[in-house]
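Undergrad: Listed below are the residues making up each chain.
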Amino acid sequence: DAGVIQSPRHEVTEMGQEVTLRCKPISGHNSLFWYRQTMMRGLELLIYFNNNVPIDDSGMPEDRFSAKMPNASFSTLKIQPSEPRDSAVYFCASSLEAGGQQETQYFGPGTRLLVL
Amino acid sequence: AQSVTQLDSHVSVSEGTPVLLRCNYSSSYSPSLFWYVQHPNKGLQLLLKYTSAATLVKGINGFEAEFKKSETSFHLTKPSAHMSDAAEYFCVVSDRPGFQKLVFGTGTRLLVSP
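Heads up: the protein sequence lines correspond to chains R and Z, in order. Using the numbering used here, the first residue of the first sequence is number 1, and each one after it goes up by one. Using the numbering used here, the first residue of the second sequence is number 1, and each one after it goes up by one.
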């Protein structure tokens, strides 16, 4: 199994530009999570999907952030317009939820975003 | 809300000596608890998880953790540290029973010297 795949691995952009992060979850998993990791705030859950439907987006910072999951094998996290304070490592994770029970979340390698 | 507190931001040990990484949790119900490890520039990997079965949980790479309800603790231990154990370790609690949302601690960086 290839695991959770994220692209790009590194992104450097200028303030005001649109940034799109991509994630391919593990095949067969029905839950997908986007996290952000910074030195100041640690790991924060931004949003999670179950069966392609957003369940909890309370961690999304503001309207500049949006996430979609058009199908079971692909998700995007978009920042428009980007700001320097968005610089962080963004992780995608996936898991299999069965019978309402918590299953292990498997993390991708992350996308390191730097907004200048 | 559920939370975890990792009591040490950094722990330094010598190779071959025991490792103890401390974690206390706060939960209004019987929680699911996890330890994840993150090596430099890598994603997070699950070490072990507790889900109300045996209180002593064995994980990968020789790590184990003991759930102590009376002390609200879930400390991570390993009898003998290896250089490859140097990484950041996160204690994690699930937000609600069987719920997917995880709450991460602030992390403990483990340094292993030769």
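These are calculated hints, taken from the structure and not from any lab test. Treat each hint with caution, since some may be false.
Unchecked claim - Lysine-lysine pairs mimicking DSS-like chemistry, simulated, CA-CA at most 25 Å apart:
(1) Z:K101 with R:K68
(2) R:K78 with Z:K69
(3) R:K24 with R:K78
(4) Z:K101 with R:K24
(5) R:K68 with R:K78
(6) Z:K68 with R:K78
Undergrad: Next, verify each hint and record whether it holds.
TA: We went through each hint and held it up to the structure:
1. Z:K101 with R:K68: holds (18 Å)
2. R:K78 with Z:K69: violated (41 Å)
3. R:K24 with R:K78: holds (15 Å)
4. Z:K101 with R:K24: holds (19 Å)
5. R:K68 with R:K78: Distance ~8 Å between K68 of chain R and K78 of chain R Cα, so the pair holds.
6. Z:K68 with R:K78: Outside the cut-off at roughly 42 Å; violated.
The structure fails to meet hints 2, 6 from the earlier list, while all remaining hints are met.
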